[in-house]
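Single-letter residue listing:
4 protein chains.
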Amino acid sequence: MTLNFALLGAGRIGKTHAKAISANPDARLAFVADAMPAAAQALANQYACAISTIDEIAADAGVDAVVICTPTNTHADLIEKFARAGKAIFCEKPIDLSVDRVRTCLEVVSQTGAKLMIGFNRRFDPHFQAVKAAIEAGKIGDVEMVQIISRDPGPPPLDYVKVSGGIFRDMTIHDFDMPRFLLGEEPTSVLATGSVLVDPEIGTAGDYDSASVILMTDSGRHCSISNSRRATYGYDQRIEVHGAKGAIAAENQRPISIEIATADGYTRPPLHDFFMTRYLDAYAAEIAAFVDVVNGKAEASPSGQDGLRSLVLAEAAARSVSEGVAVKV
Amino acid sequence: MTLNFALLGAGRIGKTHAKAISANPDARLAFVADAMPAAAQALANQYACAISTIDEIAADAGVDAVVICTPTNTHADLIEKFARAGKAIFCEKPIDLSVDRVRTCLEVVSQTGAKLMIGFNRRFDPHFQAVKAAIEAGKIGDVEMVQIISRDPGPPPLDYVKVSGGIFRDMTIHDFDMPRFLLGEEPTSVLATGSVLVDPEIGTAGDYDSASVILMTDSGRHCSISNSRRATYGYDQRIEVHGAKGAIAAENQRPISIEIATADGYTRPPLHDFFMTRYLDAYAAEIAAFVDVVNGKAEASPSGQDGLRSLVLAEAAARSVSEGVAVKV
Amino acid sequence: MTLNFALLGAGRIGKTHAKAISANPDARLAFVADAMPAAAQALANQYACAISTIDEIAADAGVDAVVICTPTNTHADLIEKFARAGKAIFCEKPIDLSVDRVRTCLEVVSQTGAKLMIGFNRRFDPHFQAVKAAIEAGKIGDVEMVQIISRDPGPPPLDYVKVSGGIFRDMTIHDFDMPRFLLGEEPTSVLATGSVLVDPEIGTAGDYDSASVILMTDSGRHCSISNSRRATYGYDQRIEVHGAKGAIAAENQRPISIEIATADGYTRPPLHDFFMTRYLDAYAAEIAAFVDVVNGKAEASPSGQDGLRSLVLAEAAARSVSEGVAVKV
Amino acid sequence: MTLNFALLGAGRIGKTHAKAISANPDARLAFVADAMPAAAQALANQYACAISTIDEIAADAGVDAVVICTPTNTHADLIEKFARAGKAIFCEKPIDLSVDRVRTCLEVVSQTGAKLMIGFNRRFDPHFQAVKAAIEAGKIGDVEMVQIISRDPGPPPLDYVKVSGGIFRDMTIHDFDMPRFLLGEEPTSVLATGSVLVDPEIGTAGDYDSASVILMTDSGRHCSISNSRRATYGYDQRIEVHGAKGAIAAENQRPISIEIATADGYTRPPLHDFFMTRYLDAYAAEIAAFVDVVNGKAEASPSGQDGLRSLVLAEAAARSVSEGVAVKV
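Chains as they are written, first to last, in this note's numbering: chain B, 1 to 329; chain Z, 1 to 329; chain E, 1 to 329; chain R, 1 to 329.
None of these hints come from the bench; they were simulated from the model. Some clues are possibly wrong.
The list cannot tell twin chains apart, which means a pair is met if one copy fits it or any two copies do.
Stated by the list, open to error - In silico lysine-lysine, DSBU-like type, Cα no more than 35 Å apart, as pairs: (1) Lys81 / Lys245; (2) Lys81 / Lys139; (3) Lys15 / Lys328; (4) Lys245 / Lys162; (5) Lys139 / Lys15; (6) Lys139 / Lys162; (7) Lys297 / Lys162; (8) Lys328 / Lys19; (9) Lys15 / Lys245; (10) Lys162 / Lys328; (11) Lys328 / Lys139.
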């Protein structure tokens, strides 16, 4: 049976999910809602879906699932609304910038028994999935250390920076989820530094654009994270796991992989320059996983709790920078 | 305006094109025809298109273009039929195994003024396109030598081998097209060897499973081709161009690009093991190019003449092996 | 004029320097001294040099320079002795495990005006030199972040661990020198974690075998260091520098660089499994640099102060782990 | 017992061997002879050996072995002279440009029972040795195809080209030896093309600067060779072996292996630009192998017959180009 999806929010990430939903053989994009009529109309035209409103969608018994791609400050309210409406919910990260608000929201989810999946898309990247699979197959023995290098091609608009909750909640949050996915154990200690090297305005806005973080688990496993809001050579996304018997690395991805040799050396093209092209396959796999959740074939993963845990780590990192101490979580 | 496509032949390659047509915003898969009702039905179900016959399609004024994916021995007849019916034609390579038959077929195409594009999909691979673009941008100066390594994961069924026209017409033909695309000059001399190293039955069937070819142009540019019907590590597709100022290489493609390091060394996964996943993007780009041809935005390329030239080289290669001489074309 | 060198300590690293001295056209290995006669004799046989004692060497006016490769706890005394004897001194790192003892030793060096160079061999690795040269040539703009992964093939003997001064003074000390070489600014803040994942005996001995460190400079530049006493795939030595305009990476080195492709994937051999083969060229270049120092053609670099600074960072790292705070230096 | 070596010819390659002999613990460079006194003197100064003449060396009972690095047209005479004088002989390739002259020379070697090793240095490259070892370990099953790309950074002086015997005897001869080393079976059929793409003067001198060759064995194994006298990116030396169970590739070597990433892409430095630095380790291993031959620990390999066979293939290639036929050998 084909599932009826409603998309809330027709912006950049909404379009990505609309494409993935439409291409999925078990799902149908039935409705789209957006505060901006033009944005909703554009998607409606492209995917032949109806334009609707949040209230109508919540009330429509034919809607099986909603995909929440609206601004962050609406996420928790929408999750609660659709949990109560009995819909399966996919929500872009983060649930909220406040740990307390996330907790009360997850209470509602728990009480209603709603299915809630959080959009940590990187878990669905086929290369990172292969890293996970190799770990589970015992290829490198016990996991000891994870190295994450995660750098954006360029900083987001300053207006966005101001409401983003800061680099740890906005950008590093993906990198907080990844060691939880790979280490096999919860990080319980956070050390972090942050500085402003890319754009002084980001500092004026009270945020950092460059950050280094160390996480440690109770058994002594480490994770190092290196973030920058700028990488001239593209969207730099590398993960490496070191274990007792070996190591696994997921290399960067580039759209074109030729190499040109001249007297100046051997040159390969830059990386993908945009997260949506870099993670195109991941977004499709993520929606496929959510379809399985809606169909009752799989538990929601990453769950609301996963969303909460990464936010807690982000908050701890911010505190570690400002207080100059290792923060226990 | 959305173009109406009819697909002739619902087999393996037909399915690939059906997918590309459906995903193309300017095309619509209106009809499918296949001698096997079940094959046609499967595609009709998946893409919501109608099942039809060759004659009905030829007679239907609403059909803009046909995509011919039937067995090779029907290609020339179908091209002639649809040329006379005024349809734009995309035909899988080869047009025919006989150079003479191809010539008479192209006569009809020429007389009717039909648009005919031949399916040398590799020209549309983004990596090989980037090689071509780099040559044209002057990155390596005058082209001097092309190296092509092209190896299949495994041999085709013996029944197919027997009707394939031989390795040069069936497999190497793609590699004959590529230097024509990259050298900037027609090869006029062919040296070739062939042998049976993979499966003696292929030899019994009168064919080779391993071949090496050298092409040369009038100005002395070379192309070396190495073919095998077997490569345990996947679908091996490499192209390298050497020029006066440098060289360009298009690397092999693998679906997963992690690397696992242990005491035994550093291991990356095998390559794509199937031409359809390896050239997925190329097939989509190929159909997009054909849509532009149908819409009059571009000349058909590769053209029928391109199909003919590669076949002439294939025939010359076969003769070079059997006679032990360099064959001029 | 050929310089006369005396080697103090004929152990593992002593042999490496003996080889580099002998191969250097401007130096001659004149004397070797070692508490173990057999060790001295072996080197004397191989390089046709005389066996001597520390006192004789200090008193011999014909000796231009000494290379100190004795146990760490003798370094400071020997430096002082040969500084007073007017010899140019090359001393393996560290000068001493105590920052105070290093300071008093460097006082003597300063008072005597002796030339003192410290053996941070990695600065002379041709690949890391090329990284430095590329930074100075402005290839990546202002340096922002340095990533160092430094892992030994296996832990040292437990007896050595007990007198080593701990992982930060013994192993990470090389990695503390490297950002000082590359960042262009002194690190002033240290965050570190350490744990025992490789061998519980190392923990019992009061040390760590796995460590992660973040250094930060006053202007906000970061350096991340990842250490392990075990890497099954060889001697893992990678450095990466991220800057405003790009990044530079120095890859791992392997003695054999073939790649074998099978159905299991593509496999390259492991890395060098020993620091002496990995840094063979670096040791030769280091002695060549010291020859220039002795000849008055260059300032000693890395200097005694460089040795001190790295030790201070090591001490700060140890404190950061035990106190759970960022330590200012 | 240390062997006494005499070096005949103190030019470029003579210097390389002098260095390898001096560094070998079982050999001593006792004499050097060269028609140019200054060249001999330079080597004598550097390695503290005596200057002598060919006749004196032949007559000196204390000389165990000679290393012939004189011009090609003297090789056969010198081999015969020193074979009769009872010396072990290492001779640079080729023995002579004439197959007949080589045959009469090898007659003398055979009659005198002299030990003769020919300088195909590439067999001793550690990477190519590893390829050979992997084949013999059965890693890729039966060998089917060898691909050799061999390109010089730039053409030799025109005066040299004129006496070189042509590209096949001078340059490709190394690449004719390699498949004999790797295929496990003698090539018996040669197809070749040659052209002038680099420098028209080379064509005027009656030679080619670009060549492609296919060799085939009786059982149908192939080898493809691609040669150019020019490669802007350095000394391009790649070998790849395809077998029934997999493939092995020996990558190019570069002196510095950093990678710089910027908005223009990822760039690694060029390759070695000189055969002597590229094959530094190979030359040392080659002399070590010859020392074993002189000491009776190993048979001479590559032997005089190996030198002859490659020359026969070179001659066949030249004939294949001029006659446009596959030449049987």
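Against the structure, the hints:
{"no.": "1", "hint": "Lys81 / Lys245", "in the structure": "neither (48 Å within a copy, 46 Å between copies)"}
{"no.": "2", "hint": "Lys81 / Lys139", "in the structure": "neither (44 Å within a copy, 53 Å between copies)"}
{"no.": "3", "hint": "Lys15 / Lys328", "in the structure": "neither (38 Å within a copy, 47 Å between copies)"}
{"no.": "4", "hint": "Lys245 / Lys162", "in the structure": "between (44 Å within a copy, 25 Å between copies)"}
{"no.": "5", "hint": "Lys139 / Lys15", "in the structure": "neither (38 Å within a copy, 37 Å between copies)"}
{"no.": "6", "hint": "Lys139 / Lys162", "in the structure": "between (43 Å within a copy, 32 Å between copies)"}
{"no.": "7", "hint": "Lys297 / Lys162", "in the structure": "neither (40 Å within a copy, 46 Å between copies)"}
{"no.": "8", "hint": "Lys328 / Lys19", "in the structure": "neither (41 Å within a copy, 51 Å between copies)"}
{"no.": "9", "hint": "Lys15 / Lys245", "in the structure": "between (42 Å within a copy, 31 Å between copies)"}
{"no.": "10", "hint": "Lys162 / Lys328", "in the structure": "both (27 Å within a copy, 30 Å between copies)"}
{"no.": "11", "hint": "Lys328 / Lys139", "in the structure": "within (31 Å within a copy, 40 Å between copies)"}
When the structure is compared with the earlier hints, violations turn up for hints 1, 2, 3, 5, 7 and 8 and for no others.
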